[in-house]
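Participant: Residue strings, one per chain:
Protein chains: 2
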Amino acid sequence: MSRADRFLRACKKQSVDCTPVWLMRQAGRYLNEYQEIRKKISFMELCKNPELACEVSLQPIRRFELDAAIIFSDLLVPVEAMGVEMDIIEQKGPVIFDPIRSKAAVDKLPLFEPEEETAYLLESIRLLDKELGGKVPVIGFAGAPFTIASYMVEGSHSRNYLYIKGLIYNQPATYDALMSKLCANLIGYLNAQINAGAKAVQVFDTWAGCLSPGDYEKHVLPYTRRVIEGITDKSVPVIHYLNGNPALLDVLGQVGADIISLDWRVYLDEAWQKVGKEFGVQGNLDPAILFANPEEVENRVKDILTRANNQPGHVFNLGHGILPNTPVENVELLINAVHKYSKR
Amino acid sequence: MSRADRFLRACKKQSVDCTPVWLMRQAGRYLNEYQEIRKKISFMELCKNPELACEVSLQPIRRFELDAAIIFSDLLVPVEAMGVEMDIIEQKGPVIFDPIRSKAAVDKLPLFEPEEETAYLLESIRLLDKELGGKVPVIGFAGAPFTIASYMVEGSHSRNYLYIKGLIYNQPATYDALMSKLCANLIGYLNAQINAGAKAVQVFDTWAGCLSPGDYEKHVLPYTRRVIEGITDKSVPVIHYLNGNPALLDVLGQVGADIISLDWRVYLDEAWQKVGKEFGVQGNLDPAILFANPEEVENRVKDILTRANNQPGHVFNLGHGILPNTPVENVELLINAVHKYSKR
Chain A
0 MSRADRFLRA CKKQSVDCTP VWLMRQAGRY LNEYQEIRKK ISFMELCKNP ELACEVSLQP
60 IRRFELDAAI IFSDLLVPVE AMGVEMDIIE QKGPVIFDPI RSKAAVDKLP LFEPEEETAY
120 LLESIRLLDK ELGGKVPVIG FAGAPFTIAS YMVEGSHSRN YLYIKGLIYN QPATYDALMS
180 KLCANLIGYL NAQINAGAKA VQVFDTWAGC LSPGDYEKHV LPYTRRVIEG ITDKSVPVIH
240 YLNGNPALLD VLGQVGADII SLDWRVYLDE AWQKVGKEFG VQGNLDPAIL FANPEEVENR
300 VKDILTRANN QPGHVFNLGH GILPNTPVEN VELLINAVHK YSKR
Chain B
0 MSRADRFLRA CKKQSVDCTP VWLMRQAGRY LNEYQEIRKK ISFMELCKNP ELACEVSLQP
60 IRRFELDAAI IFSDLLVPVE AMGVEMDIIE QKGPVIFDPI RSKAAVDKLP LFEPEEETAY
120 LLESIRLLDK ELGGKVPVIG FAGAPFTIAS YMVEGSHSRN YLYIKGLIYN QPATYDALMS
180 KLCANLIGYL NAQINAGAKA VQVFDTWAGC LSPGDYEKHV LPYTRRVIEG ITDKSVPVIH
240 YLNGNPALLD VLGQVGADII SLDWRVYLDE AWQKVGKEFG VQGNLDPAIL FANPEEVENR
300 VKDILTRANN QPGHVFNLGH GILPNTPVEN VELLINAVHK YSKR
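Quick mapping for you: the protein sequence lines, in order, are chains A and B.
Numbers 0 to 343, taken from numbering that gives the first Met the number 0, label the letters of the first sequence in order.
Numbers 0 to 343, taken from numbering that gives the first Met the number 0, label the letters of the second sequence in order.
Hints are not guaranteed to be accurate.
Just so you know, same-sequence chains aren't split out, so a pair can sit in one copy or run between any two.
[Claimed, not checked] Straight-line C-alpha distance at most 27 Å; calculated BS3-like pairs for lysine-lysine:
(1) 301 x 342
(2) 39 x 129
(3) 38 x 107
(4) 217 x 273
(5) 301 x 217
(6) 180 x 39
(7) 339 x 301
(8) 12 x 233
(9) 273 x 102
(10) 301 x 38
(11) 273 x 47
(12) 38 x 91
(13) 233 x 342
(14) 12 x 217
In case anyone wonders, no lab produced these hints; they're calculated from the structure.
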């Protein structure tokens, strides 16, 4: 079985020759060749340059036996596409210069046309898909509505999420208007990525772990489900990632994804039981393990594979994005160990 | 029943007239009278001034019908007592100027004498206990060994905990030496607080939620249990707080505390079931709720009380420390609502 099939078959819970593996942020700072390109161009400029975005997406595929190629892009691309002024600041992350906190500000947000406002991303996907020539599938992605809304309302990384929670508690109509608009935009955005060549999509709800389960079920889950239901091509697998709250696993099946991506705060077997065996799971190695000695890395890979027990529907990944300064030799070791120790 | 009994009886799972309530960081920045004192004195100076530390601990007790008075202090007091240079920097939090990352640095750390090195804290507790005159019990506290070790090894708030995790994975003997020394110091530190008048103690493992359950069980839980087992007076209730990973609830009973303090990421009834009904639980309101409208605050209080169902062993609290700028009128509403809606 080639890298062309392994990942997509696993997403559909079909049999595979060994467990597929890819890494969140695999096109990124831990690679020298990525850093070389970033010396010449800012993060957002790189997102908007299809040739270079395609190139950095290919870099990890050339080095390692990865089973999928996620397109190099950012969660905030659709935010900028709505005309919201923002930037990605080194060491600090995304900054929204004029955070969205009123009904008037929400009403002004447009429904954007992906083929126009995010044409560069779609071109990057087309280029990447062409370069890969059907040998490795392309993954497209978007933030879930709550995570995008959090960025837009908080204005930057947040510790306590007081503005977005304040909107939920004190201005529910504004919150609903914002989330509904984001849903409409994200549906078009994901469908456009699929039309451009993405063979699977991942929806990142990176910040939803800050919520109580009651708030998540009532104020977040229905919107994420709306986005996933809006994906037209039902043959395209959808992966849902949420970080930082294992107590939500009991309800995550309801988002409508095929695969639930786990962070490292849970044992994979217990988490899979909670999510439901009708779904696949992705994960769940702590990215910090890649800073350990090779024996430890291999032991941790084996532990996760033992818990997954070669059941159909496991995609190996980290529990969060790969960290800057991760030793490249451990990345190679991890990827090869996944394939080696999961041979069917 | 008076405020003298309610909290301690609940900690021992005895019957109460209504559910006791106190708030983590109840002596803090949301109170104007606290800010007035802080205008004249830095955070660490305030910790080291028994009269003023007693005064700020009393401030919330004067304002509200709180059922316990936690002593004003900081998790890093025992770190400084070990001779490690540090400071609490406004907006940034604690900073350790020369982080502990080698066996040599660990070996140099002394076993400190609480009655000498932290005499000011013990004097604060004696003053507070005397001022309260038996009407409200004093809570003492310490960080759990892992959380203290994280600060000492990382040097400040950390996002990825790479240094402390690196110590666990790559220098296990150094990690064990550090944790063992912290255990010995924390046992003496907690016993001294009890001798000075603390009627209950809380152990904060604020950062342990960054770990996988395997790492937590193997590398953290045994040390926390060692500290709690080292408390001499077995009649003093011990509360254990951990933030950010509900998947650990299944094993938290093993730390040996009487009460498990929950964050807001779980439904209280489900969490209590996981922890085990032989334990009490504390919590679990999201501190952000206090920024909502009064009706919402009251509804959330009622929801938690309904889930606790007046079973013996519930202490009402937030899921994390009260936030700066929290509206004082909502704090008052919360405390009165807890008592009102939990009347037996």
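Participant: All hints, please: hold or fail.
Facilitator: Results of checking the hints against the structure:
Proximity of residue 301 to residue 342 under the C-alpha cut-off of 27 Å is restricted to the intra-copy arrangement: shortest distance 12 Å within a copy versus 53 Å between copies. In this assembly of identical chains, residue 39 and residue 129 lie within 27 Å of each other by CA distance solely inside one copy; the values are 25 Å within and 66 Å between copies. For the homomeric pair residue 38 and residue 107, neither the shortest alpha-carbon distance inside one copy (36 Å) nor that between copies (43 Å) is at most 27 Å. In the homo-oligomer, the alpha carbons of residue 217 and residue 273 lie at most 27 Å apart both inside one protomer (19 Å) and across protomers (23 Å), since each shortest distance falls under that limit.
When the C-alpha separation of residue 301 and residue 217 is checked against a cutoff of 27 Å, the pair qualifies only between copies, where the shortest distance is 17 Å, while the shortest distance within a copy is 38 Å. For a Cα distance limit of 27 Å, the shortest separation of residue 180 from residue 39 qualifies neither inside one copy, at 35 Å, nor across copies, at 49 Å. For the homomeric pair residue 339 and residue 301, the shortest alpha-carbon distance inside one copy (10 Å) is at most 27 Å, but the shortest distance between copies (53 Å) is not. Proximity of residue 12 to residue 233 under the C-alpha cut-off of 27 Å is restricted to the intra-copy arrangement: shortest distance 15 Å within a copy versus 53 Å between copies.
With identical chains, the CA atoms of residue 273 and residue 102 are never at most 27 Å apart, being 38 Å at best within one copy and 41 Å at best between copies. For the homomeric pair residue 301 and residue 38, neither the shortest alpha-carbon distance inside one copy (37 Å) nor that between copies (55 Å) is at most 27 Å. Proximity of residue 273 to residue 47 under the C-alpha cut-off of 27 Å is found in neither arrangement, the shortest distances being 39 Å within a copy and 48 Å between copies. In this assembly of identical chains, the alpha carbons of residue 38 and residue 91 lie at most 27 Å apart only when taken from the same copy (18 Å versus 30 Å across copies).
When the C-alpha separation of residue 233 and residue 342 is checked against a cutoff of 27 Å, the pair qualifies neither within a copy, at 29 Å, nor between copies, at 53 Å. For a Cα distance limit of 27 Å, the shortest separation of residue 12 from residue 217 qualifies neither inside one copy, at 30 Å, nor across copies, at 33 Å.
Hint compliance for this structure: hints 3, 6, 9, 10, 11, 13, 14 are not met, and every other hint is.
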